[in-house]
Amino acid sequence: MTKHEIDCEQALRKIFQFIDHELGGSEREAMQRHLHTCKSCFSRAEFERRLKGKVGGLRERQGAPEVRRRISRLLKTF
Amino acid sequence: MGISREGFEKQVLALVGSMHGVARRLTRNDTDAEDLVAETVARAWKALDSLESDAAFRAWIFRILHNTFISERRRADARPQCESMESEDLDATNPAFSIFEQMHQPFLLWFSNPEQEFLDRLLREDLERALATLPEHQRVVVILADLEEFNYREIADTLGVPVGTVRSRLARARGALQKLLWEQAQAHGLRGDGATAGNGNAQARTASTPPAKTGKEA
Chain A
317 MTKHEIDCEQ ALRKIFQFID HELGGSEREA MQRHLHTCKS CFSRAEFERR LKGKVGGLRE
377 RQGAPEVRRR ISRLLKTF
Chain B
11 MGISREGFEK QVLALVGSMH GVARRLTRND TDAEDLVAET VARAWKALDS LESDAAFRAW
71 IFRILHNTFI SERRRADARP QCESMESEDL DATNPAFSIF EQMHQPFLLW FSNPEQEFLD
131 RLLREDLERA LATLPEHQRV VVILADLEEF NYREIADTLG VPVGTVRSRL ARARGALQKL
191 LWEQAQAHGL RGDGATAGNG NAQARTASTP PAKTGKEA
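Chains as they are written, first to last, in this note's numbering: chain A, 317 to 394; chain B, 11 to 228.
Read the hints as simulated data drawn from the structure, not as lab findings.
When the alpha-carbon atoms are kept at most 27 Å apart in a straight line, the in silico DSSO-like pairs for lysine-lysine are as follows:
1. B:56 <-> B:20
2. B:56 <-> A:392
3. A:392 <-> B:20
Computed from a predicted structure; not experimentally measured.
When you get a sec, could you build the whole thing from the sequences and use the hints?
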């Protein structure tokens, strides 16, 4: 293992940062190289990514119409 | 002031859906959520001088929303805030709960994938219930990161904590969320081996009994 490679323990410590796109250049590349060679960590990353997507699917983007109307009225008083 | 009245109105209307969604999940009450959004917008207008730039608008107004929620709750609840802020440090001796580690079978045939089947069977109401059950300081980071897609810096600015705290709190929160999902699934017959539910150390294996279903109703 060279200094630019990471092991499973290091990969798992950074797995959430990876799926959240919070790893910068060399760290992200090291993680991607590890995931190319480690089926277990790759599966873990996929699992966490899919679960994050499912949680994200709970979002309601529009909000209730009555709230929009109330806030629109409020804004006109400023 | 770095933004005009029209700019303020435009930004608020673009974010009102998100603000209401976050407010609903913080207050867990539709009426309180609507009041929280209105109070936030009113406070934000008065505090416009504290907005540093247009680009910072989202984190700025969500910070006002979160602060308003905290102060309103304190006013409504005379009791001291005693929600546990357990250690947020995660390390090898204190790992977060992981459904993947509970279910993953490295030696299964390629077509069998219990943890992915678990996700396939997760229902929206399972996730809603688990998220609503998280303690507030964990719930809010999951909402901001996964529903609102804030980056760690924005979450840190919104909550007024260091980025490192966001990182560790999010890891802890996701572990807690997975533990709740795991316990819900167990309560509805995910596993038939009678092992202790969701203790974080159980060698829960489902090789012979892949997930039949996850919880539908508590």
